[in-house]
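Heads up: the sequence lines are chains C and Z, in that order.
For the first sequence, my numbering begins at 1 and goes up steadily by one.
For the second sequence, my numbering begins at 1 and goes up steadily by one.
Fair warning: there could be bad hints in the mix.
Same chains, same label: a pair holds when it works inside one copy or across any pair of copies.
Stated by the list, open to error - Computed cross-link-like contacts, BS3-like style, restricted to lysine-lysine with a CA-CA straight-line distance of at most 27 Å: (1) K57 <-> K80; (2) K30 <-> K57; (3) K57 <-> K82; (4) K28 <-> K57; (5) K57 <-> K25; (6) K82 <-> K28; (7) K82 <-> K30; (8) K82 <-> K25.
These are calculated hints, taken from the structure and not from any lab test.
There are 2 protein chains.
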Amino acid sequence: MQTIELIGLIAAMLTTGAFVPQVYKVFKSKSTADISLTMYTVLFVGLVLWLIYGIQKDSIAIILANAVTGILVAFVIIFKIKYK
Amino acid sequence: MQTIELIGLIAAMLTTGAFVPQVYKVFKSKSTADISLTMYTVLFVGLVLWLIYGIQKDSIAIILANAVTGILVAFVIIFKIKYK
Chain C
1 MQTIELIGLI AAMLTTGAFV PQVYKVFKSK STADISLTMY TVLFVGLVLW LIYGIQKDSI
61 AIILANAVTG ILVAFVIIFK IKYK
Chain Z
1 MQTIELIGLI AAMLTTGAFV PQVYKVFKSK STADISLTMY TVLFVGLVLW LIYGIQKDSI
61 AIILANAVTG ILVAFVIIFK IKYK
């Protein structure tokens, strides 16, 4: 593996990992009052586009980062709709 | 410009844009009690690594997305330290 792909993978772990506590919090509390559905929907569309970008660019770091974060964000959106 | 770079730029605008209201909120309220310094520090390191990745890969979308988000996150960290 190239050094730059390794840097990308570490970057992916950090930026996705930083997001986990928020999702865990929502998952545990079932409370989503302070969460903006618009913001998370915009974020989700952006992540899907990044995923397409990563697939086209053949970048495993971009694909992994955005696929995992996309799943986490989708969970938050589902919780927001379910428990609003 | 290639179509895929345009998709990347739209992705960059959406994922960075989704983050703006949070930063604006902190900026306006000067309240950062609910914000985790650890999370934002991890996020910041991740964004810097993505920036290095984007520069190496010569991707204007990745460079722009992570530079702008990195500046926004740095503002939140500065506010967190200043108003804790």
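Here's how the hints hold up against the structure:
1. K57 <-> K80: Classified as neither: same-chain Cα gap 33 Å, cross-chain 37 Å, threshold 27 Å.
2. K30 <-> K57: neither (37 Å within a copy, 40 Å between copies)
3. K57 <-> K82: neither (36 Å within a copy, 40 Å between copies)
4. K28 <-> K57: Classified as neither: same-chain Cα gap 36 Å, cross-chain 39 Å, threshold 27 Å.
5. K57 <-> K25: neither (34 Å within a copy, 35 Å between copies)
6. K82 <-> K28: Answer is within: at 14 Å inside a copy they meet the 27 Å cutoff, but 30 Å across does not.
7. K82 <-> K30: Within one copy only: 9 Å inside, 31 Å across.
8. K82 <-> K25: both (16 Å within a copy, 26 Å between copies)
The structure does not agree with the numbered hints 1, 2, 3, 4, 5 stated previously, though it agrees with the rest.
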